[in-house]
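Turn these sequences into a full structure, and let the hints guide you.
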Amino acid sequence: MGDKRRVVITGMGAVTPLGVGALPLYERWAAGVVGIEDGMGACRSFDPAEHLSLKEARRMDRFSQLGVVASDEALAHAGWNDEKPYDPFRISTILATGIGGISTVETNHDVMRQKGANRISPLGIPMYMPNAGAAAISMRHGLQGQSFGIVSACTSGAHAIGLAARMIQYGDADAVVAGGAEATLTEFGFACFRAVQALSEKGISRPFDVQRDGFVMGEGAGVLVLEEAEAAKARGANIFGEIAGYGSTSDAGHLTAPDPTGRPAATALTLAMHDAGVTPGEISYVNAHGTSTELNDASETLALKLALGEYAYKIPISSTKSTIGHLLGAAGAVEAIATLQALNAGVVPPTLGLEVPGEGLDLDYVPGQSREMVMVADGAPVALSNSFAFGGHNVGLVIKGHG
Amino acid sequence: MSVTKEQVQERVVEALASFGPDADTITSSATFEELDIDSLDLVELAQIVEDEYGVVLKGEDMKELNTVGDVVELISTRAA
Numbered sequence: 000m001g002d003k004r005r006v007v008i009t010g011m012g013a014v015t016p017l018g019v020g021a022l023p024l025y026e027r028w029a030a031g032v033v034g035i036e037d038g039m040g041a042c043r044s045f046d047p048a049e050h051l052s053l054k055e056a057r058r059m060d061r062f063s064q065l066g067v068v069a070s071d072e073a074l075a076h077a078g079w080n081d082e083k084p085y086d087p088f089r090i091s092t093i094l095a096t097g098i099g100g101i102s103t104v105e106t107n108h109d110v111m112r113q114k115g116a117n118r119i120s121p122l123g124i125p126m127y128m129p130n131a132g133a134a135a136i137s138m139r140h141g142l143q144g145q146s147f148g149i150v151s152a153c154t155s156g157a158h159a160i161g162l163a164a165r166m167i168q169y170g171d172a173d174a175v176v177a178g179g180a181e182a183t184l185t186e187f188g189f190a191c192f193r194a195v196q197a198l199s200e201k202g203i204s205r206p207f208d209v210q211r212d213g214f215v216m217g218e219g220a221g222v223l224v225l226e227e228a229e230a231a232k233a234r235g236a237n238i239f240g241e242i243a244g245y246g247s248t249s250d251a252g253h254l255t256a257p258d259p260t261g262r263p264a265a266t267a268l269t270l271a272m273h274d275a276g277v278t279p280g281e282i283s284y285v286n287a288h289g290t291s292t293e294l295n296d297a298s299e300t301l302a303l304k305l306a307l308g309e310y311a312y313k314i315p316i317s318s319t320k321s322t323i324g325h326l327l328g329a330a331g332a333v334e335a336i337a338t339l340q341a342l343n344a345g346v347v348p349p350t351l352g353l354e355v356p357g358e359g360l361d362l363d364y365v366p367g368q369s370r371e372m373v374m375v376a377d378g379a380p381v382a383l384s385n386s387f388a389f390g391g392h393n394v395g396l397v398i399k400g401h402g
Numbered sequence: 000m001s002v003t004k005e006q007v008q009e010r011v012v013e014a015l016a017s018f019g020p021d022a023d024t025i026t027s028s029a030t031f032e033e034l035d036i037d038s039l040d041l042v043e044l045a046q047i048v049e050d051e052y053g054v055v056l057k058g059e060d061m062k063e064l065n066t067v068g069d070v071v072e073l074i075s076t077r078a079a
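Protein sequences appear in the order of chains A and B. All residue numbers for the first sequence refer to numbering that gives the first Met the number 0, where the first residue is 0 and numbers rise by one. All residue numbers for the second sequence refer to numbering that gives the first Met the number 0, where the first residue is 0 and numbers rise by one.
Among the hints, erroneous ones may be present.
Capping the alpha-carbon separation at 16 Å, the derived lysine to aspartate or glutamate pairs in EDC-like fashion look like this [claimed, not checked]:
id: 1; chain 1: A; residue 1: K54; chain 2: B; residue 2: E32
id: 2; chain 1: A; residue 1: K54; chain 2: B; residue 2: E49
id: 3; chain 1: A; residue 1: K114; chain 2: B; residue 2: E33
id: 4; chain 1: A; residue 1: K114; chain 2: B; residue 2: E49
id: 5; chain 1: A; residue 1: K114; chain 2: B; residue 2: E43
id: 6; chain 1: A; residue 1: K54; chain 2: B; residue 2: D69
id: 7; chain 1: A; residue 1: K313; chain 2: A; residue 2: E281
Derived from the structure by calculation, the hints contain no laboratory data.
Here is the structure:
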């Protein structure tokens, strides 16, 4: 680690198909609940009117609404309810999304076809731009450090957390509100993902299973409050864990298919472990990308073997997508939150729906039910959280629980 | 087709209320600033007004307007 500033997690917020809140995400997953219904992971218990005024709600696309509500929870969790603990110009905001405000695009495109181009809402652009969620969080909480969206398909949320950590380490920020949000459960969204043959026709998420036939699309948001460790301690913050390492690479190969060797993905994971100063033997849990697609689950397995060596066969590996589906640009952030809670509970939640592993998938994917997490090293427990994306983007995050 | 000022007032209040403020705060003398109605809301209002009364409100028209009464007056005059 050298003299790098350390980045601790002091707040978490989530809205997922398992409910509004970070706790139901972890608790219900660990209890074996599947949040997928009718072939999609919708946030059925999310009602914008419970959290936002009419004016706020009608000026945000659903992806921003989900992100803002997750940020409210994260900031409250961090104890930032009243005055911010840092100069507002030292607090940054990153809200990633894979797609942005697609339902706003669809609505306004319909208006253009039906009533003419001059009837498009002036709120169209400010609602569908992919940075709209970051802007909404910055405005809502008065965060005046740098703010922007990050776009890298299904690694967006993980990139947001990794780059937020870098901002703090470099000294550009003392705290960053970082995460991802996605809301693409629309007719057009389904049609597009169906066209690229990525979706499960049966509507079942069963990562690593021999019968897996694609991912199940979900929606939601996850937001973390990250703070520089010494500043967080000085203000007496509750410290839930640490973003200890970040690594990212690109396949520079196919537009949608992952590199079949898993090598570029493995390099991202190795870089993340080097960044954290941990070795595979110190990792107690891997939160897989585990999409339930034929290609990902095979190449991810190879990547884990390359990155972890013999430990790939010993470390329990499970996929959050088995309970909530694939939250695209929110996935990396939501899964980081689930990972942290699993570490702190000392529980490995299961890969639900996994009955018979596919050919060559011979790692411990934790089928069935939760089990106790065996902490393989002293000190704060360590996990690896994987994210891979269309476009060939790969991200590894090393997350530590509380010590 | 003639339209009364009262009808315009009623429609404008309904439109503005759909943007956020409580209907009972939208009086003739209420300013857009007080109602937290900004330039984006006024563009939406202009679209509704054009659909409803065929009155085109341009950006320069809107800049002169400060209160609900101002916009009702302008629409009523032009629609007459």
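Looking at the structure, which of the earlier hints fail to hold? 2, 3, 6
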